[in-house]
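> Same order as they appear, the protein sequences are chains B and H. Position one of the first sequence corresponds to residue 1 (the UniProt record's numbering), numbered consecutively onward. Position one of the second sequence corresponds to residue 1 (the UniProt record's numbering), numbered consecutively onward.
In short, the hints are calculated from the structure, not lab data. C-beta: ideal position from N, C-alpha, C; glycine also. Don't take every hint at face value.
Some, not all, of what chain H presents toward chain B, calculated at C-beta under 10 Å [as the list claims (entries may be wrong)]:
| id | residue |
| --- | --- |
| 1 | P12 |
| 2 | K15 |
| 3 | S22 |
| 4 | N87 |
| 5 | I94 |
| 6 | R97 |
List of simulated lysine-lysine pairs, DSSO-like, C-alpha gap at most 27 Å [as the list claims (entries may be wrong)]:
| id | chain 1 | residue 1 | chain 2 | residue 2 |
| --- | --- | --- | --- | --- |
| 7 | H | K230 | H | K175 |
| 8 | B | K265 | B | K246 |
| 9 | H | K234 | B | K19 |
| 10 | H | K9 | B | K16 |
| 11 | H | K175 | B | K206 |
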Amino acid sequence: MTITIEVSRLGLLYDKSAKALDDVTFRLEGGKIYGLLGRNGSGKTSLLSILASFQQQTSGEVRIDGEAPYENERIVNQVCFIQENGYLSESFKVRDVIKLASDCWPNWDADYADRLLNQFELPAKKQIMALSRGMKSALGVTIGLASRAPITIFDEAYLGMDAPSRYYFYEELLKDYMEHPRTIILSTHLIEEVSDLFEEVLILDKGKLVLQEEADKLRSRGSAIIGPADAVDQFAEGLTILSEQKLGGTKSITVFGELGAEREKRATADGLTIGPVSLQDLFVHLTRKGIGSDERKHG
Amino acid sequence: MSANMAKGKRSPVMKVAFHLWSAYRHVLVWFWVIFTVIYFGINEMIMRGIIPDESIRNSGREWDGATISPRIFLLVLGILLTIGSFNSFVSNGITRRSFGRGGLLFAGLLSISCTVLHLLGYPIEMLIIEISGAERSMQYPNLAIVAITNLLMYFGYFCGGWLIGTGFYRFHWFKGLLVCLLAVAFLIGMETMTATELTGSTAADQGIILFVLALASFLIVWINDGFLRKIAVKRKITL
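Whole structure, please, built from the sequences with the hints as guidance.
Right, here's the structure in full:
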């Protein structure tokens, strides 16, 4: 079951004047993995908490499966929002949290939840307050995955987990998504680790949506060029350079913007190597101070 | 029908009430066991003169006054309801309306339980007196009136506490304090009404008192429900 999310001119004010979200509009088709990226304070959590009906927007409209989600009994149990150290009752035991979740999420898979609990070595009888940060994160992602909610949102939910647990989570997420297609939104600062999962990327900056694009298309807007320093410098004239590194006579630069067939031919002739750019480099460039909105949207 | 199917068919309101009851029923039982033992223990010591207190010694109706601690206990449970459970339910796909109604059902269950447990105290008291061989004139009140009054008071105290908790959860400390004062005003009003000697008053008086108690509880519930509907899920309370 896949559900479409439509957001139109969404705004959220904090303290009556500070804008957490400003005129955000987008549409997310169901059955994809989305990456929501943004710097600290860019409005990611505010946006996601509105989608999950954790709070109401100040202006604009949200439609999930065609209906406003806030206090909508049909929609709220279709959207599972997981945050690190999120909303687990500290006095509850792990088994109580799982029991409540199993009772509330209509598509809950109890066997899958048990398997994940075993994998993450979560003790059922332990109270939440006695769990380590990593264990709390693991419990959160267990609920998110086992809920099988048509819209599942992970907001930095796996930050507290150690690297092996995080990679296990990424593998499990992809595997379960393939078996049970649904909309998954991942909001993270660990872009390098999860960028391969993204099918589409949204970037928020200062409460505004600065980009929504397919991940592969976004990656194609940047290139890494490696070769003799002089040749690289000549080639880079007129291009937006994101970063550069020099080692002896060899230079490596990262550029933003499509190169075009002619430039690519010239690079080969000059003995330069062209490679892909990481999503993280592009993200850093797009959210750096002073980058105009026109460049963000059109490259 | 399998257990899972039964779970799935339970309404969100029933889910909230069920999980709250599961979480707090043991606390309720332990409270009453400890409270009863301490209460009768202290009273027995007073009756035997170990603790000198003539007023209680001469009253002959100790158990009547045994509702103050349970009321405070329910007030505290009420304060903790929104603070401790709202996040868990709403983040698991329960609407605020269902949380409010489920909480109300839970409040009703707690109040009925406390009322029944309090009524059970009368025969226990009688038994203790018989066993101890003490001579006391027991003048029991109209138990039906006592039961209804206590039920409304327990319910009012729990919902009053719930309103206080919701106020501090939703608002900043100053507005939270104002909501707290409002709840306390309701509870003082209810206490003032019950200060009338029920056994000695007329049926009309009793009816008016019970009506006012019910009305006060209804108003507390109504205000609390209004606050709950617009509440944002918070990670922790900001004071």
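> Decide, hint by hint, whether the structure agrees.
Against the structure, the hints come out as follows:
1. P12: holds (7 Å)
2. K15: holds (5 Å)
3. S22: holds (8 Å)
4. N87: holds (4 Å)
5. I94: holds (6 Å)
6. R97: holds (6 Å)
7. K230(H) with K175(H): Holds. K230(H) to K175(H) sits at ~15 Å (cutoff 27 Å).
8. K265(B) with K246(B): Holds, because 23 Å separates the two Cα atoms, which is no more than 27 Å.
9. K234(H) with K19(B): Roughly 18 Å separates the two Cα atoms, so the pair holds.
10. K9(H) with K16(B): violated (42 Å)
11. K175(H) with K206(B): Violated - the C-alpha atoms of K206(B) and K175(H) are around 30 Å apart, more than 27 Å.
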